[in-house]
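Undergrad: Listed below, chain by chain, are the residues.
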Amino acid sequence: MTAPRYGFLRANALSLSFGGLFLVTLVGQAIAGTADFNARQVTNGLPTVSFLDYVTSSSFGVDVMENWQSEYLQFFLYVFATVWLVQRGSSESKEPGQEGTESDREQQVGPHAGEESPSWARTGGWRTAVFSRSLGLLMGVLFLLTWAASSVAGWAAYNSEQLGQRQDPVSYAGYLGEADFWNRSFQNWQSEMLAVGSMAIFAVYLRQRGSPESKPVGAAHADTGQTG
Amino acid sequence: MGTPTTLRLAAVVLATAALGGCAGLQEDDVARVAGAFEDPGAAPADRCALLAPSTLETLESDESSPCADVIGQLPLPGGAVEAVEVWGGDAQVRLSGDTVFLTDTPAGWRVTAAACQPRGELPYDCEVEGP
Numbered sequence: 000m001t002a003p004r005y006g007f008l009r010a011n012a013l014s015l016s017f018g019g020l021f022l023v024t025l026v027g028q029a030i031a032g033t034a035d036f037n038a039r040q041v042t043n044g045l046p047t048v049s050f051l052d053y054v055t056s057s058s059f060g061v062d063v064m065e066n067w068q069s070e071y072l073q074f075f076l077y078v079f080a081t082v083w084l085v086q087r088g089s090s091e092s093k094e095p096g097q098e099g100t101e102s103d104r105e106q107q108v109g110p111h112a113g114e115e116s117p118s119w120a121r122t123g124g125w126r127t128a129v130f131s132r133s134l135g136l137l138m139g140v141l142f143l144l145t146w147a148a149s150s151v152a153g154w155a156a157y158n159s160e161q162l163g164q165r166q167d168p169v170s171y172a173g174y175l176g177e178a179d180f181w182n183r184s185f186q187n188w189q190s191e192m193l194a195v196g197s198m199a200i201f202a203v204y205l206r207q208r209g210s211p212e213s214k215p216v217g218a219a220h221a222d223t224g225q226t227g
Numbered sequence: 000m001g002t003p004t005t006l007r008l009a010a011v012v013l014a015t016a017a018l019g020g021c022a023g024l025q026e027d028d029v030a031r032v033a034g035a036f037e038d039p040g041a042a043p044a045d046r047c048a049l050l051a052p053s054t055l056e057t058l059e060s061d062e063s064s065p066c067a068d069v070i071g072q073l074p075l076p077g078g079a080v081e082a083v084e085v086w087g088g089d090a091q092v093r094l095s096g097d098t099v100f101l102t103d104t105p106a107g108w109r110v111t112a113a114a115c116q117p118r119g120e121l122p123y124d125c126e127v128e129g130p
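Order-wise, the sequence lines are chains Y and D.
0 is the number of the first residue of the first sequence in numbering that gives the first Met the number 0; add one for each residue after it.
0 is the number of the first residue of the second sequence in numbering that gives the first Met the number 0; add one for each residue after it.
Just chain Y, with the same shape it has in the complex:
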């Protein structure tokens, strides 16, 4: 069966919708964050700030970055974990017995690449090695960059708060040992791990007709790796 002919919008509806939702929710966070920040400023006898001042502040920066870093950590771990670990019966998992990076033939790599395969899948050498791991690598690099950014923004926001409360600011090394940094990191990480773990096990026993994230409605609970 040939794929239907779709225009750009319909062919990219999923990424465009979530891209739009991301922008709407980011603006929502900026508006609510400005109000929340200004409420605390008034309590501390400090002047309120404009929307533009808030969205260019370290306070907004850390609130955005601390969430991004945990999302990329989640995907980084998920992409790598699902290579080696299985969940029997889950649509999120490979079949038991297929753990590992699989054969070149199964992965259509090198001489097994087809005419439409990406060129780096075919060429071999370091290009194929990098391309074969590019998804996990990108997620890992983005995690490290956003975690570093959240640590710098968090340090600036923490020191601004310290001064507002008539306390001394801390060094960057000092901030990495502060409860504020690890509280922010762990509170974001726990929710990501919960999400992945929940999804892996829920998908064994529950269905969502038509979603590629779910098994077919009539698939057995013990069937692994199918999507409907």
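Treat the hints with care, since some could be wrong.
[As the list claims (entries may be wrong)] Listed next, with one range per pair, are the computed distances between beta-carbon atoms: (1) D/Thr104 <-> Y/Gly209: 50 to 58 Å; (2) Y/Ser197 <-> D/Pro74: 54 to 62 Å; (3) D/Gln116 <-> Y/Ser14: 55 to 63 Å; (4) D/Ser60 <-> Y/Ser170: 33 to 41 Å; (5) Y/Ala178 <-> D/Gln116: 21 to 29 Å; (6) D/Gln25 <-> Y/Ala178: 24 to 32 Å; (7) D/Asp45 <-> Y/Leu20: 51 to 59 Å; (8) Y/Tyr204 <-> D/Gln25: 53 to 61 Å.
[As the list claims (entries may be wrong)] To give an idea of the chain Y side of the interface with chain D (calculated C-beta under 10 Å), a few residues: (9) Asp52; (10) Glu114; (11) Pro117.
[Claimed, not checked] Counterexamples of contact, computed for chain Y against chain D with all Cβ distances above 10 Å: (12) Ala2; (13) Phe17; (14) Leu22; (15) Leu45; (16) Tyr77; (17) Gly124; (18) Phe180; (19) Ser210; (20) Val216.
Hints listed in this document are in silico derivations from the structure and should not be mistaken for laboratory results.
Yeah, the Cβ is synthetic: ideal placement off N, Cα and C, and Gly gets one too.
We have chain Y already, so just place chain D on it with the hints.
TA: Frame of chain Y, contents of chain D only:
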């Protein structure tokens, strides 16, 4: 993978450099305001004008007098600027005789707390402070 990562790194480096330049100018402003506030030779009205509105209100309410009448009696020894910290819209200046906290307002940097004594992990104990 290469292009978006390289762009991100460049943006972070540029932003840090730009912010570093801005921070230098802000430190000068902050030090000047703190020094002028703590200058016993300056006119009382000028010194009071450097207080943040909420701090001025609290001071006049606590002392039951206009700021200009009482500022000369407050323990504000001032001295040479030893260290300046500026983070976002908040700042701290250590003078040889005092520690002063400031905030950025539409009218410029203003003093939120002065005549401050450190108390270890607790906030500084300040004679002049806001609500």
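Undergrad: Each of the hints needs a verdict: does it hold here or not?
TA: Hint check results:
Threonine 104 of chain D and glycine 209 of chain Y have their C-beta atoms about 57 Å apart, which keeps the hinted 50 to 58 Å range intact. At roughly 60 Å, the beta-carbon separation of serine 197 of chain Y and proline 74 of chain D lies within the given 54 to 62 Å, and the hint holds. One distance hint, 55 to 63 Å for the beta-carbon pair glutamine 116 of chain D and serine 14 of chain Y, holds here, with the actual separation near 57 Å. Taken as a hint, the range 33 to 41 Å holds for the pair serine 60 of chain D and serine 170 of chain Y, whose Cβ atoms sit roughly 37 Å apart.
For alanine 178 of chain Y and glutamine 116 of chain D, the Cβ-Cβ distance of about 25 Å falls inside the hinted range of 21 to 29 Å, so the restraint holds. A C-beta distance of roughly 28 Å is found between glutamine 25 of chain D and alanine 178 of chain Y, which places it inside the suggested range of 24 to 32 Å. The supplied range of 51 to 59 Å is met by aspartate 45 of chain D and leucine 20 of chain Y, whose beta-carbon atoms lie about 53 Å from each other. About 58 Å separates the C-beta atoms of tyrosine 204 of chain Y and glutamine 25 of chain D, a value consistent with the hinted range of 53 to 61 Å.
Because the beta carbon of aspartate 52 of chain Y sits about 8 Å from the nearest beta carbon in chain D, less than 10 Å, this interface hint is met. Because the closest C-beta pair between glutamate 114 of chain Y and chain D is about 25 Å apart, greater than 10 Å, the hint is violated. Contact between proline 117 of chain Y and chain D, as hinted, is not supported at the beta carbon level, the nearest pair being about 13 Å apart and thus beyond 10 Å. Separation of alanine 2 of chain Y from chain D is adequate, the least Cβ-Cβ distance of about 28 Å exceeding the 10 Å criterion.
A cut-off of 10 Å between C-beta atoms confirms that phenylalanine 17 of chain Y is not in contact with chain D; the least separation is 18 Å. A cut-off of 10 Å between C-beta atoms confirms that leucine 22 of chain Y is not in contact with chain D; the least separation is 18 Å. A Cβ of chain D approaches the Cβ of leucine 45 of chain Y within 10 Å, the least distance being about 5 Å, so the stated non-interface status is violated. No beta-carbon of chain D comes within 10 Å of the beta-carbon of tyrosine 77 of chain Y; the shortest separation is about 18 Å.
Distance check on glycine 124 of chain Y: its Cβ is at least 17 Å (rounded) from any Cβ of chain D, clearing the 10 Å threshold; non-interface status holds. The Cβ of phenylalanine 180 of chain Y sits about 15 Å from the closest Cβ of chain D, beyond the 10 Å cut-off, so the non-interface label holds. No Cβ of chain D approaches the Cβ of serine 210 of chain Y within 10 Å, the least distance being about 29 Å, so the stated non-interface status holds. No Cβ of chain D approaches the Cβ of valine 216 of chain Y within 10 Å, the least distance being about 38 Å, so the stated non-interface status holds.
Hints 10, 11 and 15, counting from the list given before, are not met by this structure.
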